[in-house]
Amino acid sequence: MEFTETFKQTGPCAFSPNARFLAVAVDYRLVIRDVHTLKVVQLFSCLDKITYIEWALDSEYILCGLYKRPMLQAWSLAQPEWTCKIDEGPAGISYARWSPDSRHILTTSEFQLRLTVWSLLNTACIHLQWPKHGSKGVSFTKDGKFAAICTRRDCKDYVNLLSCHTWEIMGVFAVDTLDLADIQWSPDDSAIVIWDSILEYKVLIYSPDGRCLSKYQAYESGLGVKSVSWSPCSQFLAAGSYDQMIRVLNHLTWKVFAEFTHLSNVRGPCAAAVFKEVDEPLLLDMSELSLSDEFIQRSSGEYLHFSSKFFINDMMKNSMYGFVYAYCFLFMYADCQSQMISSVDNGAEPCIQVRYDVLEVPVTLPTQKPPADKPNPKQGIGLMSWSSDSQYMCTRNDSMPTVVWVWDVQRLELAAILIQKDPVRAAAWDPTCCRLVLCTGSSNLYMWTPSGAYCINAPFPQFSVLDLKWNSDGSCLILKDKDSFCCAAVPLLQESSDDYSSDD
Numbered sequence: 074m075e076f077t078e079t080f081k082q083t084g085p086c087a088f089s090p091n092a093r094f095l096a097v098a099v100d101y102r103l104v105i106r107d108v109h110t111l112k113v114v115q116l117f118s119c120l121d122k123i124t125y126i127e128w129a130l131d132s133e134y135i136l137c138g139l140y141k142r143p144m145l146q147a148w149s150l151a152q153p154e155w156t157c158k159i160d161e162g163p164a165g166i167s168y169a170r171w172s173p174d175s176r177h178i179l180t181t182s183e184f185q186l187r188l189t190v191w192s193l194l195n196t197a198c199i200h201l202q203w204p205k206h207g208s209k210g211v212s213f214t215k216d217g218k219f220a221a222i223c224t225r226r227d228c229k230d231y232v233n234l235l236s237c238h239t240w241e242i243m244g245v246f247a248v249d250t251l252d253l254a255d256i257q258w259s260p261d262d263s264a265i266v267i268w269d270s271i272l273e274y275k276v277l278i279y280s281p282d283g284r285c286l287s288k289y290q291a292y293e294s295g296l297g298v299k300s301v302s303w304s305p306c307s308q309f310l311a312a313g314s315y316d317q318m319i320r321v322l323n324h325l326t327w328k329v330f331a332e333f334t335h336l337s338n339v340r341g342p343c344a345a346a347v348f349k350e351v352d353e354p355l356l357l358d359m360s361e362l363s364l365s366d367e368f369i370q371r372s373s374g375e376y377l378h379f380s381s382k383f384f385i386n387d388m389m390k391n392s393m394y395g396f397v398y399a400y401c402f403l404f405m406y407a408d409c410q411s412q413m414i415s416s417v418d419n420g421a422e423p424c425i426q427v428r429y430d431v432l433e434v435p436v437t438l439p440t441q442k443p444p445a446d447k448p449n450p451k452q453g454i455g456l457m458s459w460s461s462d463s464q465y466m467c468t469r470n471d472s473m474p475t476v477v478w479v480w481d482v483q484r485l486e487l488a489a490i491l492i493q494k495d496p497v498r499a500a501a502w503d504p505t506c507c508r509l510v511l512c513t514g515s516s517n518l519y520m521w522t523p524s525g526a527y528c529i530n531a532p533f534p535q536f537s538v539l540d541l542k543w544n545s546d547g548s549c550l551i552l553k554d555k556d557s558f559c560c561a562a563v564p565l566l567q568e569s570s571d572d573y574s575s576d577d
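Count along the sequence shown from 1, then add 73; that gives the number in our numbering.
Hints listed in this document are in silico derivations from the structure and should not be mistaken for laboratory results. Among the hints, erroneous ones may be present.
So the derived label-pair ranges between C-beta atoms look like this [stated by the list, open to error]: (1) K229 / L116: 20 to 30 Å; (2) H200 / D556: 34 to 44 Å; (3) K447 / Q290: 23 to 33 Å; (4) P260 / E293: 40 to 50 Å; (5) T77 / N195: 36 to 46 Å; (6) K555 / V114: 23 to 33 Å; (7) C157 / S263: 12 to 22 Å; (8) K555 / Y101: 13 to 23 Å; (9) K141 / V434: 26 to 36 Å.
As the structure is a prediction and not an experimental result, all values here were calculated from the model. Glycine included, each C-beta is placed from N, C-alpha and C at the ideal position.
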């Protein structure tokens, strides 16, 4: 894996859908870079600090959210002189998104008073009253023809189906929820999933014409659904809940065919490989480093021989200053060793190389018990993501924030467990193959494939990987620190094998 140099950023960063450009927010400036060379190809100046950016699906336009104003600005890569500014006035803007046709922008006002569709073609706008949420509650079909928008009126939740061509309401139907949490179209556009708030476990499947295909409720009187995700093939629907379980429904009968539990004690029989991140401090051992008697007796300096198995033949051969060079060499290593020890004594982090150790079951996983007197407990399935081929699924139970679980849905078994030193901040699948990359806020990257798990040491010791994103073609990653970023070129994934490895 090759890393670029670091560049400044003060906000969001995003790859374009066509995988050619990288947009970076630097205060009030929007910097567009070429993905391959990272050279600046376009620079736009906004009216305030950029807090949100989103590419249009055709990669020709990009919008910037200036939510402190609040207002939006949109830019065109093909026509740099073209500008667009959207201001909702006193209503404000809480969220904005592109429509699938890349020629309309949807904004939600503060306090969910209305949702507005703005046209870039004729400056027309259409209003929809009482949207349910700001950033959630809106989903588009994959073909871009229809939008499902959730609204609430008279203490009842509704789904509005709109045509993305005319933005006319094609149909409205009520849903059986107490407080609708979110909505998602299936990837094949055949069904809509809706789930209730965390106070009640309820997952509802609707057809586009408003018929309820299935209602699933795993239990009552407990915190309910925390995350929901369709598989890319549309055949599976996974629901993660606060009871630390994932239930997977099939698309034929909408019944549960798999339940994956996240227990703190992993016992056999278990086919999963358990990887644990461990440190290896890079401290030099000087105890056996010395000049041999043979070298001292030979003033001609034909070679240097160190009893610590260091041989330097070419550098000192036939040199009258070989003895001096050798002592300088020893002094350099001794000085390096003393600096390492001094840095540790002063509280600085020593040079550390990390790797994975493969553990044998039974294994006890580190667990954090959430406080009972605080809202929104950190427990349950907070992270859940499918691989591009729908075979694997990675999850994180928030009460075990340092552990990532990888499930083989095809075999209905646990494939791997990755135990990190620090809480997992982000995990993302390669969009082209079965490769998972995650970060924990350290200077390292961690990768899992069906053939094993690997630790990758970034070349920037002071760079903390707080977030990461894949380019859509799987060629590179963007790694974000607090105020800088870099890109990492990812090699093609080799043929997978059944043997796990813990090599770096």
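Item to check | Non-conforming hints, listed in increasing numerical order | outcome: Violated: hints 1, 4, 7 and 9.
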